[in-house]
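Go by the hints and put chain B with the ligands onto chain P.
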Amino acid sequence: MPRDTLLVFRHTIGPVLRSPVTIVISMVHPVLYLVLFGPLLENLVRVPGATNSWQVFAPGILVQLALFTGGFAGFALLPDLRAGVVERMRVTPVSRTALLLGRVLRDVVVTMVQAVLLLAAAAVLGMRAPVAGLALGLLLAAVLSGALSAASYTMALSLPNEYQFAPVVQSLTLPLMLLSGVLLPMALAPDWLRVVSWFNPLSYAVDAERALFLGDYAATDVLVGVLVVVVVFGFTVVWGTRSYRRRNA
Amino acid sequence: MIHVRGLARRFQTRRATVDAVRGVDLDVAAGEIVGFLGPNGAGKTTTLRMLTTLLEPSAGSAEVAGHDLRREPAAVRRRIGYVAQGGGCSPQGRVREELVLQARLHRLDRDRARRRVDELMDRFALGDLADRTTATLSGGQRRRLDLAIGLVHDPAVLFLDEPTAALDPQSRAHVWDHVRALNADHHATVFLTTHYLDEADALCDRVLVIDHGRIVAAGTPAELKRQVSGDVVEVAGPRLAALAEIAGRLRGARDVATTADSVRFRVPRGDTALPELMRALDQASVPLTSVQVHHPTLDDVFLAVTGRSLRDDAPEATRAA
Ligand SMILES: Nc1ncnc2c1ncn2[C@@H]1O[C@H](COP(=O)(O)OP(=O)(O)O)[C@@H](O)[C@H]1O
Ligand SMILES: [Mg+2]
Numbered sequence: 001m002p003r004d005t006l007l008v009f010r011h012t013i014g015p016v017l018r019s020p021v022t023i024v025i026s027m028v029h030p031v032l033y034l035v036l037f038g039p040l041l042e043n044l045v046r047v048p049g050a051t052n053s054w055q056v057f058a059p060g061i062l063v064q065l066a067l068f069t070g071g072f073a074g075f076a077l078l079p080d081l082r083a084g085v086v087e088r089m090r091v092t093p094v095s096r097t098a099l100l101l102g103r104v105l106r107d108v109v110v111t112m113v114q115a116v117l118l119l120a121a122a123a124v125l126g127m128r129a130p131v132a133g134l135a136l137g138l139l140l141a142a143v144l145s146g147a148l149s150a151a152s153y154t155m156a157l158s159l160p161n162e163y164q165f166a167p168v169v170q171s172l173t174l175p176l177m178l179l180s181g182v183l184l185p186m187a188l189a190p191d192w193l194r195v196v197s198w199f200n201p202l203s204y205a206v207d208a209e210r211a212l213f214l215g216d217y218a219a220t221d222v223l224v225g226v227l228v229v230v231v232v233f234g235f236t237v238v239w240g241t242r243s244y245r246r247r248n249a
Numbered sequence: 001m002i003h004v005r006g007l008a009r010r011f012q013t014r015r016a017t018v019d020a021v022r023g024v025d026l027d028v029a030a031g032e033i034v035g036f037l038g039p040n041g042a043g044k045t046t047t048l049r050m051l052t053t054l055l056e057p058s059a060g061s062a063e064v065a066g067h068d069l070r071r072e073p074a075a076v077r078r079r080i081g082y083v084a085q086g087g088g089c090s091p092q093g094r095v096r097e098e099l100v101l102q103a104r105l106h107r108l109d110r111d112r113a114r115r116r117v118d119e120l121m122d123r124f125a126l127g128d129l130a131d132r133t134t135a136t137l138s139g140g141q142r143r144r145l146d147l148a149i150g151l152v153h154d155p156a157v158l159f160l161d162e163p164t165a166a167l168d169p170q171s172r173a174h175v176w177d178h179v180r181a182l183n184a185d186h187h188a189t190v191f192l193t194t195h196y197l198d199e200a201d202a203l204c205d206r207v208l209v210i211d212h213g214r215i216v217a218a219g220t221p222a223e224l225k226r227q228v229s230g231d232v233v234e235v236a237g238p239r240l241a242a243l244a245e246i247a248g249r250l251r252g253a254r255d256v257a258t259t260a261d262s263v264r265f266r267v268p269r270g271d272t273a274l275p276e277l278m279r280a281l282d283q284a285s286v287p288l289t290s291v292q293v294h295h296p297t298l299d300d301v302f303l304a305v306t307g308r309s310l311r312d313d314a315p316e317a318t319r320a321a
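Top to bottom, those sequences are chains P and B.
Residues 1 to 249 (UniProt numbering) make up the first sequence, in order.
Residues 1 to 321 (UniProt numbering) make up the second sequence, in order.
A couple of the hints might just be wrong.
Cβ pair distances, simulated, as ranges [claimed, not checked]:
no.: 1; chain 1: P; residue 1: Leu227; chain 2: B; residue 2: Arg114; range: 42 to 50 Å
no.: 2; chain 1: B; residue 1: Arg115; chain 2: P; residue 2: Thr22; range: 30 to 38 Å
no.: 3; chain 1: P; residue 1: Val168; chain 2: B; residue 2: Glu56; range: 21 to 29 Å
no.: 4; chain 1: P; residue 1: Thr22; chain 2: B; residue 2: Arg180; range: 41 to 49 Å
no.: 5; chain 1: P; residue 1: Met1; chain 2: B; residue 2: Asp118; range: 56 to 64 Å
no.: 6; chain 1: B; residue 1: Arg114; chain 2: P; residue 2: Glu42; range: 55 to 63 Å
no.: 7; chain 1: B; residue 1: Asp118; chain 2: P; residue 2: Pro175; range: 24 to 32 Å
no.: 8; chain 1: B; residue 1: Arg70; chain 2: P; residue 2: Leu78; range: 28 to 36 Å
no.: 9; chain 1: B; residue 1: Gly31; chain 2: P; residue 2: Val168; range: 47 to 55 Å
FYI, nobody ran anything at the bench for these hints, they're computed from the structure.
Just so it is clear, CB atoms sit at the ideal spot from N, CA and C, and this is done for glycine as well.
This is chain P alone, in the form it adopts within the complex:
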C-alpha cells in the first residue's frame, strides 16, 4: 500500500512540479488576509501571554490555508474524473486507500510548502513565536489539510455531477472558516455564536494552533485540538476510501 500511495502521489504531483507557480496561486487568499487584515489587529487585540497580535493571527491563517488548499483539492479530481483517469485506475489492483492517500499526500505536501512561505511572510510582518511551536503547528496543519482534502475528494466522487462541486465546497468552507475563530478569537463572540462554533472541528484546531504558537504545549487546547484533528482525519480517510470502493454510478 505505501508503494501504491507513492505511485499515485508521484503521478499527481507531476503537474505541480512542472509549474510550481500553481502553489503560490492557490495561497492568494490566506496571504491577502495576512497582509491586508493582520495589521489591523496589531492595535486591537491584546492577548494575555502573547508578545504581539501576530502570534494569535498567524495560527488562524495557517488553519485557513489548510482549509482552502485541502478543501478545494477536489477541483483537481474533476478533470481526471471527466477524462476517465479515475475509472482507469480503479480497474487496477491498486488499493482504494492508496488511490485516495496518494492524492491526499500531494495536497499535504503542497500545503506545507505554502505554510512555510506563509509563516515566513508573517515573520517579516513581525510575528515572533518559538520554533518548536511553529514546527508542531505545521505538523497539526498538515494532518488537518489531509483530512480536508480527503473530505473534498469524497465530495467530488460522490456528487452526481461536477457542476455541483464548486457551490457545495464554497458554501461549506466559508461558514467553516467564519465559525472557527480564524480571524478573531471566538472569545469575542456572543454566546449563541460560540455555541455554534463548538460543533466546528476547525475551532479546536485553531485553539490548538494558537496554544502551540504561544509555546503553551501542555495546554488542554493542544490535546483536544490534536485529538479532534486526528479523529477527523481517520474518519475522512475511511469515508473517502469507501467512495473510491463504492460501485454505484
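This is chain B with the ligands only, laid out in the frame that chain P set:
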C-alpha cells in the same frame, strides 16, 4: 473466460428508474473476439462497467477471467484490461509516463515496466510521441495510447468500449489490425462493444445483439445473417408487371414487391437464383435492364429482431464507410 448469468442493473435517478441492463446471459471462450452490438443507450457500457468491477450489478452473477466478480473483484482487476469509451489518459500526463504509471500500478517492477513500455510504444507506433502531453494527441494517436494502456499488464481478457467511435477510417482500420494481431499473436480474449455494423462484421468471431438491455440475437456474423433468410434480388426493366410475375414463380422466391422502377424479392441464395431467373425471362422474352443482389447485413438482422434499423442513429462516417 467470461460467464454471465442474469446480469442486471437498475439506475435510480430522482426523476425515473432506468433498467439499463435487464438480465443478460453470455459466455465468451478463451481466445474469442466477441462483439456487443447495439444502438446508443442499449446498455453496452453499463454491462462493460459491471464486468470490469466499476459498477455493482443489481442482480445476477458473473465470472471473469476465472474469478467471481462480486467476491474477488481485485483478482478480476489483475487479469483484465479495460479501455473506456472515452479513454482514460490524464489530460496533463505525458505519453510515456502514462504507460509507465499504468505498468507500475499493475505491480510491474521498474525494469519490467520499462521493457514492457518500450515494447508497446513500438507496437503502437508511439515512439515519436513519448514526451507529448496526451491532450495534444490526435484522435487516432489517443486511441492507440488508450489501447496500449489497457494492455500494459498483458491481460487475459481485454474489454474495449466502442474502440473506434469517432475515429477516421484509416485510424479505425489500424485499431482493427491491432485487435486482430493481439488476438492472433497473444491469444487475448477480446470483448468489445460497438454500434457499427461493419465493425462487428469485420472484427468479431461472434456477435451479441443487445437492445433495451436485453440480448436479442447471438451468433457468428454469418449465422446471424442466415437467420434473416436469404438475399434480396432487385431487377428492373420496362415491363415491371411481367418481371414480378416471373420472379414470383422462381423456386423459393418470397416477398415480391414492385416499386416505381424495380421489382424486389427474396430468395434463399441470390447467386443460384440469377441463372434461373435469366433463363425464365429469356423464354418469356421479358427484357431486363439491370439486376442487383443484396446480401443481408447485420442491419437486416437488427431490423428483423427489433423492428428498427440500427443505421438510424449511426453517424455519417459509418454510412460512408
Ligand atoms: N449513471 C447512470 N444513471 C442513470 N442512468 C444511466 C446511468 N448510466 C447509464 N444510464 C442509462 O442506462 C441506459 C444504458 O446506457 P449505456 O449502458 O451507457 O448504453 P450504451 O453504452 O449501449 O450506449 C441509458 O438509457 C442510459 O441513459
Ligand atoms: Mg456506451
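Status of each hint after checking the structure:
no.: 1; hint: P/Leu227 to B/Arg114: 42 to 50 Å; in the structure: 46 Å, holds
no.: 2; hint: B/Arg115 to P/Thr22: 30 to 38 Å; in the structure: 34 Å, holds
no.: 3; hint: P/Val168 to B/Glu56: 21 to 29 Å; in the structure: 25 Å, holds
no.: 4; hint: P/Thr22 to B/Arg180: 41 to 49 Å; in the structure: 44 Å, holds
no.: 5; hint: P/Met1 to B/Asp118: 56 to 64 Å; in the structure: 28 Å, violated
no.: 6; hint: B/Arg114 to P/Glu42: 55 to 63 Å; in the structure: 58 Å, holds
no.: 7; hint: B/Asp118 to P/Pro175: 24 to 32 Å; in the structure: 53 Å, violated
no.: 8; hint: B/Arg70 to P/Leu78: 28 to 36 Å; in the structure: 30 Å, holds
no.: 9; hint: B/Gly31 to P/Val168: 47 to 55 Å; in the structure: 48 Å, holds
Taken one by one, the earlier hints fail for this structure at numbers 5 and 7, listed in ascending order.
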